[in-house]
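Colleague: Going down the list, the sequences are from chains A and B. Oh and the first sequence: position 101 is 101 in the numbering used here, straight run, nothing missing. Oh and the second sequence: position 242 is 1242 in the numbering used here, straight run, nothing missing.
Don't read these hints as lab results, they were simulated from the structure. Check the hints yourself; a few may be wrong.
List time: in silico EDC-like cross-link candidates among lysine to aspartate or glutamate, alpha-carbon distance up to 20 Å [unchecked claim]:
# : chain 1 : residue 1 : chain 2 : residue 2
1 : A       : Lys9      : B       : Glu1068
2 : B       : Lys1009   : A       : Asp128
3 : A       : Lys127    : B       : Asp1361
4 : A       : Lys77     : A       : Glu273
5 : B       : Lys1034   : A       : Glu104
As a plain string of letters, each chain reads:
2 protein chains.
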Amino acid sequence: MRQRHLFTKTRKEAPTDEVAKNAQLLIRGGFVHKEMAGVYDYLPLGLRVLNKITGIIREEMDKIGGQELLLSALQSKEVWEKSGRWSDGVIDVWFKSTLTHGAEVGLGNTHEEPLTALVGEHVSSYKDLPRYIYQIQTKFRNELRAKSGILRAREFLMKDLYSFSRTEEEFRLFYEECAAAYLRIFERVGLGELTYRTFASGGPFSDYSDEFQTLCDVGEDTIYVDEERRVAVNKEVYTDKTLDDLHLDKTRLVEKRGIEVGNIFPLGTRFSEALGLRYRDADGNDTPVVMGSYGIGPGRVMGTIVELYSDNRGIIWPESVAPFRVHLVALAGEEGKGVRTEAEKLYTLLVDAGIETLYDDREASPGEKLADADLIGIPWRVVVSEKTQAQHALEIKNRKTGATEMLGEKELFDELKTEN
Amino acid sequence: MRQRHLFTKTRKEAPTDEVAKNAQLLIRGGFVHKEMAGVYDYLPLGLRVLNKITGIIREEMDKIGGQELLLSALQSKEVWEKSGRWSDGVIDVWFKSTLTHGAEVGLGNTHEEPLTALVGEHVSSYKDLPRYIYQIQTKFRNELRAKSGILRAREFLMKDLYSFSRTEEEFRLFYEECAAAYLRIFERVGLGELTYRTFASGGPFSDYSDEFQTLCDVGEDTIYVDEERRVAVNKEVYTDKTLDDLHLDKTRLVEKRGIEVGNIFPLGTRFSEALGLRYRDADGNDTPVVMGSYGIGPGRVMGTIVELYSDNRGIIWPESVAPFRVHLVALAGEEGKGVRTEAEKLYTLLVDAGIETLYDDREASPGEKLADADLIGIPWRVVVSEKTQAQHALEIKNRKTGATEMLGEKELFDELKTEN
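Same shape as in the complex, but just chain A (with noise of 0.2 Å):
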């Protein structure tokens, strides 16, 4: 892309009201926009970001054989009120609204009604379970405060499965393949060494849950972390009982905070018996079905990203969320125009050979570019100026180590190929 025809413009300060770092780097960045309190919009640059994360979430689920649909915001109060859900002082994050003839709709902040309703249409036999289901789709909590940016939003994009097993056993296998899927989905995206499984209440629904914690010193959580065996408890859970349990020993856990990256939850039968989803067994019983839930929230891991990886000039985007892989710099002054043909020449390879460019083609100063290139945060910055001109190559920047490099234009693809 043209950087010329990019809308954003990069800002030199932060909101005053923004305090959370990755809302300020994003904002600063032109990837996000503040709408309200905890709520953004995702601009182009930011979008891109978002979409390469559901992209890796989507391809991990689809491994465990999760099927896509889309649900709507809109809630019946009917279907909530079987759960007994509906009432705020049950879900105090509920967004509620009213249909033109009167009748009360809410905005959905989780889908475990719904789905479990609409499941129980389609399957009625135990040949028709296991179903692994999930949808990447906008949901919405009333949050009383949001001051964390991205991080904790009002109106946010979450993947959530659910799981439809006939046992506990079938159940307890797909709860362990979608924890081992999810330990690949952070570590794909760049928080795998700092994000632990850790051990969880299970809230109202069940005795336990995992979360995923990233460390991270803005993190709202106390979790204790066995680095060496790469698990966790979280603070509201830590008593010498579940260490015993989880045989874990005291003496090794490290107190730190994290950030929830994901949840999964053991569902038991609270939402299949409350909606009636039931199935007949091999041998003719009536069973309820066992169901589990299973989320991330998009956005709050690419917060999490930029909260972890930046410094006093940007963000630092691992290569697999970057909004591009390259940042094409050209840096041509009132006699530059052979610099301008030889960036416009390497940039259309660059995009020949599939490698998403950013190519910075507009009028501004050199240090203009740069600085906003780092702020952009883009792994690959590659230079075409007069001075790399006068050495016959081209200056390639690492924007996590620092690195530069002159390197002839072959040597650069070759360098753009093997690295990842």
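The hints should help you fit chain B onto chain A, whose structure is shown.
Modeller: This is chain B only, laid out in the frame that chain A set:
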């Protein structure tokens, strides 16, 4: 995809409360689920169709220089008060809700206001224009009546593009480019021949607008069509003066019903003035930006296709938007092991060849499988049975023409390669 794993089942009868043909067939085929009147979930088959349609729209919008973003559904009162459109008296389809701390919020039914305000933060000079910005995003409209299935939903996906130009002339050039792109889109999704650019009222914003009307008996609009010149006039502006202005000959116009599958609107400076979107022109004059808006509802396009292309056995999808290209059906009786082996092998070959295939590997009767294939409406049905094995061939049937051929494996792949 293996049909054995697909969680949805077909239904012989449509729900009795569903009067629209599109909803009846889509529900029976397992494409959509009705959450409440005017609110539909897109099930795996339906989501595949929807994604095909949005994919085509996205390609065409990118081709004319559109840049994609994603605006929030939640809307702040302050922004909309500036244009005077917060009031329910002005926009009568608002869904509104309340933040926990008491502020009112709306759910976006269109996005001129927030996008104009946002663009104002990034545009200041004539060098920053023109800009073409779009999204494929969920709109909410609190329709009083919702009986047309997915043709008029209370929650629906919309592609809305907004143009920001320096002058009326510059705007007009893009307006025509976008009109041409719209015709390409309707052509590509299979509605080309039946879709007419239709002169219509500009509503509150301008003197006129252009609708894209697809001829269909259940359409809500009455239009007058010049079939030879391929243009039409909406009844709302069907006056002698309009016909004169458009050089249309009344005697050649035929009255038809149409579904408005797209519309494009000159907005002039209505929103740029209200929201302060101005730029300095080349002479340093402070000037309001000239805007336009361009909408297509992918769900409505999908519903229109179903209204038009079906028979008494089910849907007939155009190839470009079909959920799969091939429906491979194994008709294996008790002794059908050989059939299943051949079908499995063929399924692998089809998938490896990149041909999207739904493979009916269920244990069900031949009658049930063939009826389901007709209802779901995938363009090519390939049957493997004891009968086809006896002939050392495969039976391939075109859903649209009904033509059946017996082909060898190589011939089948040749046919699938050439047809499109």
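Colleague: Confirm or reject each hint.
Modeller: Hints, one by one, checked against the model:
no., hint, result
1, Lys9/A / Glu1068/B, "15 Å, holds"
2, Lys1009/B / Asp128/A, "10 Å, holds"
3, Lys127/A / Asp1361/B, "13 Å, holds"
4, Lys77/A / Glu273/A, "18 Å, holds"
5, Lys1034/B / Glu104/A, "17 Å, holds"
In terms of the numbered hints stated before, the structure departs from none.
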